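In order, the protein sequences belong to chains A and B.
Residues in the first sequence are numbered from 1 upward in steps of one, following the working numbering.
Residues in the second sequence are numbered from 1 upward in steps of one, following the working numbering.
Calculated from the structure, these hints are not laboratory results.
Check each hint, because a few of them may be wrong.
Using 25 Å as the maximum straight-line C-alpha spacing, the simulated DMTMM-like pairs for lysine to aspartate or glutamate come out as follows [claimed, not checked]:
1) A/Lys157 / B/Glu152
2) A/Lys157 / B/Glu260
3) B/Lys171 / A/Glu68
4) A/Lys157 / B/Asp299
Predicted, not measured: the structure shown is a model, and the values here were computed from it.
Each chain, letter by letter, is given below.
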Amino acid sequence: MSLLWLRFALGCYFIGLIYAFVALTRTSELFSRVALHAASLGLVFHFVSLVEVFGSGHAVWASVHNSESLLAFLSMSFFMIIYAAYQTTSPGVVVFPIVFFLTFVAAVDQQPVLLTSFVQHKGWLIAHIILIFTGYAALVLSFGASLLYLLQERRLKAKKPSSLISFLPALEVIDQIGYRSLLLGFPFMTLGLITGSIVAMSAYGHVDFLDPKILLSILMWAVYMVMVFTRWNSGWRGRRAAFLATFAFVAALAAWAANYFSTIHRFAAS
Amino acid sequence: MRYQLIGVNHKSAPLEVRERLAIPESRLPDTCRDLTAYPGIEEGMVISTCNRVEVVTHTTNGSADLRGFLHDHFHLTGEELDAHLYEFREKDAVRHIFRVASSLDSMVVGEAQILGQVKEAYATARAVGAVRGQLDQLFNRAFAVAKRVRTETAVGSSSVSIASVAVELAKKIFGSLHGKNVFLVGAGKMSELAARHLMAHGCGSIFVSNRTYDRAVGLAHKFNGQAIKFDDLYDTCDRADIVITSTGSPKAIFHREHGEQFLARRKNRPMFFIDIAVPRDVSPEMAKLDGIFTYDIDDLQQAVTSHVADRRKEAERAEAIITSEVERFEARLSTLDVVPTIVSLQDHLETIRQAEIDRVRGRLGQMTPEQEIAVEALTRGIINKVMHTPITTLKTAAKEAEATTVIDVVRRLFNLRQNNSAPGKEAASKEGSNNEAGTRQ
Numbered sequence: 001m002s003l004l005w006l007r008f009a010l011g012c013y014f015i016g017l018i019y020a021f022v023a024l025t026r027t028s029e030l031f032s033r034v035a036l037h038a039a040s041l042g043l044v045f046h047f048v049s050l051v052e053v054f055g056s057g058h059a060v061w062a063s064v065h066n067s068e069s070l071l072a073f074l075s076m077s078f079f080m081i082i083y084a085a086y087q088t089t090s091p092g093v094v095v096f097p098i099v100f101f102l103t104f105v106a107a108v109d110q111q112p113v114l115l116t117s118f119v120q121h122k123g124w125l126i127a128h129i130i131l132i133f134t135g136y137a138a139l140v141l142s143f144g145a146s147l148l149y150l151l152q153e154r155r156l157k158a159k160k161p162s163s164l165i166s167f168l169p170a171l172e173v174i175d176q177i178g179y180r181s182l183l184l185g186f187p188f189m190t191l192g193l194i195t196g197s198i199v200a201m202s203a204y205g206h207v208d209f210l211d212p213k214i215l216l217s218i219l220m221w222a223v224y225m226v227m228v229f230t231r232w233n234s235g236w237r238g239r240r241a242a243f244l245a246t247f248a249f250v251a252a253l254a255a256w257a258a259n260y261f262s263t264i265h266r267f268a269a270s
Numbered sequence: 001m002r003y004q005l006i007g008v009n010h011k012s013a014p015l016e017v018r019e020r021l022a023i024p025e026s027r028l029p030d031t032c033r034d035l036t037a038y039p040g041i042e043e044g045m046v047i048s049t050c051n052r053v054e055v056v057t058h059t060t061n062g063s064a065d066l067r068g069f070l071h072d073h074f075h076l077t078g079e080e081l082d083a084h085l086y087e088f089r090e091k092d093a094v095r096h097i098f099r100v101a102s103s104l105d106s107m108v109v110g111e112a113q114i115l116g117q118v119k120e121a122y123a124t125a126r127a128v129g130a131v132r133g134q135l136d137q138l139f140n141r142a143f144a145v146a147k148r149v150r151t152e153t154a155v156g157s158s159s160v161s162i163a164s165v166a167v168e169l170a171k172k173i174f175g176s177l178h179g180k181n182v183f184l185v186g187a188g189k190m191s192e193l194a195a196r197h198l199m200a201h202g203c204g205s206i207f208v209s210n211r212t213y214d215r216a217v218g219l220a221h222k223f224n225g226q227a228i229k230f231d232d233l234y235d236t237c238d239r240a241d242i243v244i245t246s247t248g249s250p251k252a253i254f255h256r257e258h259g260e261q262f263l264a265r266r267k268n269r270p271m272f273f274i275d276i277a278v279p280r281d282v283s284p285e286m287a288k289l290d291g292i293f294t295y296d297i298d299d300l301q302q303a304v305t306s307h308v309a310d311r312r313k314e315a316e317r318a319e320a321i322i323t324s325e326v327e328r329f330e331a332r333l334s335t336l337d338v339v340p341t342i343v344s345l346q347d348h349l350e351t352i353r354q355a356e357i358d359r360v361r362g363r364l365g366q367m368t369p370e371q372e373i374a375v376e377a378l379t380r381g382i383i384n385k386v387m388h389t390p391i392t393t394l395k396t397a398a399k400e401a402e403a404t405t406v407i408d409v410v411r412r413l414f415n416l417r418q419n420n421s422a423p424g425k426e427a428a429s430k431e432g433s434n435n436e437a438g439t440r441q
């Protein structure tokens, strides 16, 4: 049943995906409103689907697909918060495809693969998953914002008059979106890593720092911290910030991929 | 539809001619009264702005001598005037009014003022009773069309002057301009204008620097800002988000190293340089820095030109809207023309029906309620069935050119009186309510 709702959500996000491609070439007030409504509707379906998963016993939370679905949900929620604050749908250009991809993978079929070894620490585990995913979602958004910043900067620098009527919000607004999601995401990411290590400690008695998953997670966190610091200290933005954000994003992807070859943090096959 | 229009505008007539035709606001009511008193004119109004004088009328036979009216009213001879006049009738007059109200006929296409001016002219003429049913319909529709053009196209949205382009660019960089600081380097008409625009859009404080310090003080005083000594320019410039520079310096005064300093002190918050000076004040090397956005006079000019081009494209879309609206208006008018005929036809038959029932009642005496209902239903049924085809035919004919013929035939066949209940008024009230529904959509 939850898959059905998720597929409904996927359908709605698909409209968002089309919007993302169209928005790159032309501006349509109507279409962006349609995409926004579709995304909101998708978010509702998505929420129902997640509630059903949760209702069916929270061990399932740790399956690959459900966590991807959760990440997509959180990213989309962030997008909505930004829309509420800034009245702009343009971060959707980056967020919609990512959300669509994540939801698509999650909606293909049910894969009851579980983190079986941690079942005795459900509370910490759930806290870990939600915290770290909120951090991920914020990272996705600030990555998106930094790409949009570059795009807008280039348009302004190119002085192409037609770019004056572009779909992008003002440069400083994009910058604020990126910086605020970065600031918001950082504590979540930090706490997520702390709860993660608590879970690991209680499961194994120690934290294996050489495990690729942990190594990459720490790397990602470090880049994240550098980003926050350089921004706060010397106002890095534009190209340098985009470079860092891309680096953090790749590190996050690598940390995620590490689930498939880490010895201690993997979704055990059923 | 017997609309007739005559006028001059900025394209057809030089300023001297328009000046002689211009009617001061105080004399507009009298002019409207004179107009409706002129032979052949039922309703009339006058739109008089600095770019146009238009006399719009609804006439009794569709060919009133409007030129004659102008000659008489302004005491001008045909030679002086006629070459500059344009005249439109019926559909073309409707189209012209729609275009004027939508600001497509304006000197600066899309400027918003004209709609207000037309509305005022309409209100004035209405107040003296010169505008009634027919022109009422036309202008109500014209206002609705103008609104539609404004919301559905971007004709009115882009601004054209260099100063407003500068404001628009600043908004693309900073979003809201509230609390942003402006630095004026050098004085000049254009930079002053740009500064004024920026302040009007919420910019915070203003700094002024000039090689002649006194001049800076004077200008700063004008803007309620702060004068800065030219020597301190580089130390204070980073406090501004927007720098408008227009010195007469033969060489650039802002170089790459200055830009780097500014950005370092501003923690890389972006800066916007509006370089109006020729030769330029901002070196191209500095313009390349991330976070420094420089637009020189050519860039701004180009942006202005492209706006005009954008507008032209939008104006084409607006014209398409006007064309479809003119057709709609025409179709609706002609449909309405048959309404009085249908109404009087129905009235006529209803009178016959009632008379017949009364006659039968007199012969049959008191009927039971059931019988009453049966007779009622029977007679009504027959009339409705018989009337169905004629009414449909009338309605279809209304949309075609043969409307008047069919109406005539029907009226003669059934011996209906002409103008039995002031059809014009009825039609107008109907049209009015339709209009409102149209606007609300």
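In ascending order, which of the hints set out earlier in this document are inconsistent with the structure? Going through the list in order, the structure violates hints 1, 3 and respects the others.
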